[in-house]
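*Asks:* Next come the chains, spelled out residue by residue.
Protein chains: 2
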Amino acid sequence: MKNRDKTPFESQLIDLDDLIHSKIRLAIMTILMSVEKAQFTYLKKLLKTTDGNLSVHLTKLEDAGYISVDKRFVHKRPQTTCKITAKGRNAFERYVDVLEQIIKR
Amino acid sequence: MKNRDKTPFESQLIDLDDLIHSKIRLAIMTILMSVEKAQFTYLKKLLKTTDGNLSVHLTKLEDAGYISVDKRFVHKRPQTTCKITAKGRNAFERYVDVLEQIIKR
Chain Z
1 MKNRDKTPFE
11 SQLIDLDDLI
21 HSKIRLAIMT
31 ILMSVEKAQF
41 TYLKKLLKTT
51 DGNLSVHLTK
61 LEDAGYISVD
71 KRFVHKRPQT
81 TCKITAKGRN
91 AFERYVDVLE
101 QIIKR
Chain H
106 MKNRDKTPFE
116 SQLIDLDDLI
126 HSKIRLAIMT
136 ILMSVEKAQF
146 TYLKKLLKTT
156 DGNLSVHLTK
166 LEDAGYISVD
176 KRFVHKRPQT
186 TCKITAKGRN
196 AFERYVDVLE
206 QIIKR
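For the protein sequence lines, the chains are Z and H, in the order given.
Residue numbers for the first sequence follow the numbering used here, so the first one is 1 and each next one is one higher.
Residue numbers for the second sequence follow the numbering used here, so the first one is 106 and each next one is one higher.
Calculated from the structure, these hints are not laboratory results.
Some hints here could point you the wrong way.
Claimed, not checked - With a straight-line Cα cutoff of 30 Å, these simulated DSSO-like cross-link-like pairs (lysine-lysine) come out:
{"no.": "1", "chain 1": "H", "residue 1": "LYS142", "chain 2": "Z", "residue 2": "LYS60"}
{"no.": "2", "chain 1": "Z", "residue 1": "LYS104", "chain 2": "H", "residue 2": "LYS181"}
{"no.": "3", "chain 1": "Z", "residue 1": "LYS60", "chain 2": "H", "residue 2": "LYS128"}
{"no.": "4", "chain 1": "H", "residue 1": "LYS188", "chain 2": "H", "residue 2": "LYS142"}
Every value quoted in this text rests on a predicted model; they were computed, and no experiment measured them.
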């Protein structure tokens, strides 16, 4: 919030977090902000995407520390569960701060 | 607005207008929404970008009918003026509708 006053709005737009700004990752993050955790299969269905594509984007978010991905076997079937982290939540909130300014204008 | 109720939010996110979603074009559109018109040199300075890069993105927006670009000589110097069109304004408002939903969640 403090930075917002100092950094010109245009620079903030250009500096929008690319990790979140990609549409599919924005969708993943938006979903994970509103649920405690989400299964891989649930995200895949909601986002109408493929295993491969979803995996790529989840890995990017995981590598950035924005989400945690837990893989385990449940009743002998692999189950992948995703959760937003505190770092991811902060990053998303910073991102949304800029969106709010776009709207206010 | 009617579509909003029918189309799942996740699909709306994935369907966000790519012409606007690119960060530099989002910045250009946001600026042009708030001014009557803007000079090329003004946009270039605000966005801290090059002639070539700005031209590419302005042409994409112009080709989509989202902005009009007027080139003329003023005191023997070329002057390029950009303005948002009604179509651009509508597209931007649809885009912002989805941003608002991201924030509300």
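*Asks:* Hints first: check each against the structure and report whether it holds.
*Replies:* Now for the hints, and whether the structure bears them out:
1. H:LYS142 x Z:LYS60: Violated, because 39 Å separates the two Cα atoms, which is more than 30 Å.
2. Z:LYS104 x H:LYS181: Roughly 39 Å between the alpha carbons, so the hint for LYS104 (chain Z) and LYS181 (chain H) is violated.
3. Z:LYS60 x H:LYS128: Judged against 30 Å, a Cα distance of about 19 Å means the pair holds.
4. H:LYS188 x H:LYS142: holds, 5 Å
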